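Colleague: The primary structure of each chain is shown beneath.
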Amino acid sequence: MSLPTVILILLVALCAPALGAYDGPERTRSTDEILSMIERAESGDTIRVPRGLYVGNLVISKPVTLDGSDGAVIDARGEGSVIDVRAQGVTVRSLTVRGSGSSVTGEPAGIRVSAPNATIEHNTIEDALFGIDLRQSSDSIVRGNRITCKDMEPGRRGDGIRLWWSHNCVIEDNTVRGSRDMVFWYSENLRISRNTVSDSRYGLHFMYSHDTVLVGNDLHSNSVGVYLMYSNRITLTDNRMRNNRGASGYGIGLKDCDDIVITNNALLANRVGVYLDNSPSSVDSTGVFESNMIAFNEIGLLATPNTHDNVFTLNAFIENEEPAATHGRGRLMLNEFSRDGSGNYWSDYAGFDLDRDGVGDVVYEPRSLFGAMLAREPNLRLFVHSPAQQAIEFTARALPELRPESTLIDHAPLSSPPSIEISLGGSSRSGLRMGGVACALILIAGACAAVLGSDHGSRSIRTGEPS
Amino acid sequence: MSTIELKRSMFHEAVSKSPSFISGVCSFAKREFRDALSSKWFLLYTLAFTILAVGVSYLSLSGVGSHGFAGFGRTAAGLLNLIMLVVPLMALSAGAGSIAGERERGTLLYMLSQPVSRTQVLLGKYLGLGVALVCSLCIGFGVSAAVLAWRAGGVGVGSYAMLIGFTSMLALAMLSLGILISVVSRRSSVATGIALFVWLSLVFVSDLGLMASSVLFKLRVQEIFALAIVNPLQSFKMGVIVNMNASLDVLGPVGAYASQTLGDALPWILGGTLGAWIIFPLGLSILLFSRRSSV
Numbered sequence: 000m001s002l003p004t005v006i007l008i009l010l011v012a013l014c015a016p017a018l019g020a021y022d023g024p025e026r027t028r029s030t031d032e033i034l035s036m037i038e039r040a041e042s043g044d045t046i047r048v049p050r051g052l053y054v055g056n057l058v059i060s061k062p063v064t065l066d067g068s069d070g071a072v073i074d075a076r077g078e079g080s081v082i083d084v085r086a087q088g089v090t091v092r093s094l095t096v097r098g099s100g101s102s103v104t105g106e107p108a109g110i111r112v113s114a115p116n117a118t119i120e121h122n123t124i125e126d127a128l129f130g131i132d133l134r135q136s137s138d139s140i141v142r143g144n145r146i147t148c149k150d151m152e153p154g155r156r157g158d159g160i161r162l163w164w165s166h167n168c169v170i171e172d173n174t175v176r177g178s179r180d181m182v183f184w185y186s187e188n189l190r191i192s193r194n195t196v197s198d199s200r201y202g203l204h205f206m207y208s209h210d211t212v213l214v215g216n217d218l219h220s221n222s223v224g225v226y227l228m229y230s231n232r233i234t235l236t237d238n239r240m241r242n243n244r245g246a247s248g249y250g251i252g253l254k255d256c257d258d259i260v261i262t263n264n265a266l267l268a269n270r271v272g273v274y275l276d277n278s279p280s281s282v283d284s285t286g287v288f289e290s291n292m293i294a295f296n297e298i299g300l301l302a303t304p305n306t307h308d309n310v311f312t313l314n315a316f317i318e319n320e321e322p323a324a325t326h327g328r329g330r331l332m333l334n335e336f337s338r339d340g341s342g343n344y345w346s347d348y349a350g351f352d353l354d355r356d357g358v359g360d361v362v363y364e365p366r367s368l369f370g371a372m373l374a375r376e377p378n379l380r381l382f383v384h385s386p387a388q389q390a391i392e393f394t395a396r397a398l399p400e401l402r403p404e405s406t407l408i409d410h411a412p413l414s415s416p417p418s419i420e421i422s423l424g425g426s427s428r429s430g431l432r433m434g435g436v437a438c439a440l441i442l443i444a445g446a447c448a449a450v451l452g453s454d455h456g457s458r459s460i461r462t463g464e465p466s
Numbered sequence: 000m001s002t003i004e005l006k007r008s009m010f011h012e013a014v015s016k017s018p019s020f021i022s023g024v025c026s027f028a029k030r031e032f033r034d035a036l037s038s039k040w041f042l043l044y045t046l047a048f049t050i051l052a053v054g055v056s057y058l059s060l061s062g063v064g065s066h067g068f069a070g071f072g073r074t075a076a077g078l079l080n081l082i083m084l085v086v087p088l089m090a091l092s093a094g095a096g097s098i099a100g101e102r103e104r105g106t107l108l109y110m111l112s113q114p115v116s117r118t119q120v121l122l123g124k125y126l127g128l129g130v131a132l133v134c135s136l137c138i139g140f141g142v143s144a145a146v147l148a149w150r151a152g153g154v155g156v157g158s159y160a161m162l163i164g165f166t167s168m169l170a171l172a173m174l175s176l177g178i179l180i181s182v183v184s185r186r187s188s189v190a191t192g193i194a195l196f197v198w199l200s201l202v203f204v205s206d207l208g209l210m211a212s213s214v215l216f217k218l219r220v221q222e223i224f225a226l227a228i229v230n231p232l233q234s235f236k237m238g239v240i241v242n243m244n245a246s247l248d249v250l251g252p253v254g255a256y257a258s259q260t261l262g263d264a265l266p267w268i269l270g271g272t273l274g275a276w277i278i279f280p281l282g283l284s285i286l287l288f289s290r291r292s293s294v
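Protein chains in written order, with numbering that gives the first Met the number 0: chain A, 0 to 466; chain W, 0 to 294.
Misleading hints may appear alongside valid ones.
To be verified - Beta-carbon label-pair distances, calculated as ranges: (1) W:Lys217 with A:Ile443: 42 to 52 Å; (2) A:Thr104 with W:Leu58: 49 to 59 Å; (3) W:Phe196 with A:Arg155: 45 to 55 Å.
Rather than coming from a laboratory, the hints here were simulated on the basis of the structure. The structure presented is a predicted model; accordingly, all values stated were derived computationally and were not measured. Glycine residues also receive a C-beta, built at the ideal position from the N, C-alpha and C atoms.
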């Protein structure tokens, strides 16, 4: 037998099991097959879509349940919306949906719903312009979907989940990556829980959407974690906003929102923790910020100078580069930073607590000269984290006439951080790896000392012998 | 023979002698390293840097308590300030003391009477001191890494390594500048004085001056950025931040401008500036040192 023949036989032998093991869709089917299944079914029936790759668009105009848990994949190959739900009470479950159109004009989506009472759960949506798009679909549930959008620059992407005029909906346990926003337009009385949005523009974005509760969402590495605009009576509890950065990177941004309650959230390592833009805007409403952990941000709290009637109590402001600042000149004197003898914890508080009642005996009024300079000349921010900044602050402390007015006053600053229970899941593995780094560095130093510090080479020079 | 040909022949000579050239440099490097280890100043700086680095790492993590989240950004920001103060002081004074000190003690004459070129002596001194500085930084960073590991923060190993890399480059650049100061000064006290002056200028005066002029002359963002990166300390700081955050938006409009217009080239530009601060003062001091007829 010649060598090429042997190789050929070996190749075939190797490939045969691999070919046999390939258990993907045997052939490409058409979505017409699903359509005919729907036509044959009664209203309220559950259709288990057989495993396979279905190419084309699918319009559902009968109240049925579509279950793709056997491994059904629907691919629109870049034409229009993949699934279009037009009947009330439809359930779409466990399908993999991909390949919507990409032109902005028709706003094609992975799953578009334009009828109430829909349930969209546990689907995987990939390569879609908009992920799930609910239009006038009140009383719907969107649960446990995994959505990744088209790989385009952020401004050209579509929204991961969008609600338009859809009230009383439940949005929970969804994971969205790389979309534009998860956005709610004119939709009231929603429950938004335990969603994760990352690498997008705005994690959760509210436009004119009132009376909503946000609980336990995780919003990280976006431009903005939660941006509420012109939306009233919204409660945020137990949410995490981490690492939301960029030119307008905010953990929470509020624009003209009344009666917002923000409790027990963690705002960590954002460019700005909380941004208040004329919020609350009505005279008789308040914004409540209680027991939030606002830590490691470049600016903890940033507000436009006209901001008023916000109440901050029992929050922990920890190691923010600037604890609080105004956007432009001005002070935050129209807001309350303590009420009924309890204020907030500020990690840069330099006062004392002699009577040990947990409240500092001296008021907290941050007066950063460099901060005041930044408010006037934003370009100077280039010089943060430098000894020159420290020198300026030191000068201001040494020469009191240079000290600016304080941006805020907390009459009852807490002397120790309040305990705020938020699960953040620090990994122990990075600690281990860091230990490895420590060992490696000390070993390097030791090895250098051992190799170079041996007196072999140096003595030859001192005694003048050629080495 | 034209100067170019002369240079070429000198180059060939150097290359043909390259094994002995390198071994000569290495011998001086080893001697310098040993001297550095046994000098009190050096040990003091290492100890101070280590204690301060550990203190900063510990303090920056202590506020969060049991929350398990430790922003490496904060630790790094604290470390940045410390590094920008201590490391240039260490490297400048080590460099400034090197040639001028030997000259004052008379040992330079003895060294130059060895069958080695002046370039070899200078390069050897630079290498030895450079390795000693990097070792001392490694000890400081190593112990504070141990503290970070013990406090179990969400620390990025990659960004920590980047921080060490940039700090080493900063130390080498400042050492190079220090050696240049040492070559041009007659006495070691003068060299130390100049080094302190340069340190003060780079750390405080240039930044404060740039702040003032950016306000007074209404400099545009691109002008502020271009002027700022001339200072090796600023390009060091921006380099660390850009490697940690993938963007300079932390540094306000100027940083955002730099990130947007330069994009992926930004870390290379900043690293390149630091590299230039290593190469040019060292090259200049080699040139001056080998031309000097007197010792």
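Colleague: Are the hints correct? Go through all of them and say.
Modeller: Against the structure, the hints come out as follows:
no. : hint                               : result
1   : W:Lys217 with A:Ile443: 42 to 52 Å : holds (48 Å)
2   : A:Thr104 with W:Leu58: 49 to 59 Å  : holds (55 Å)
3   : W:Phe196 with A:Arg155: 45 to 55 Å : holds (53 Å)
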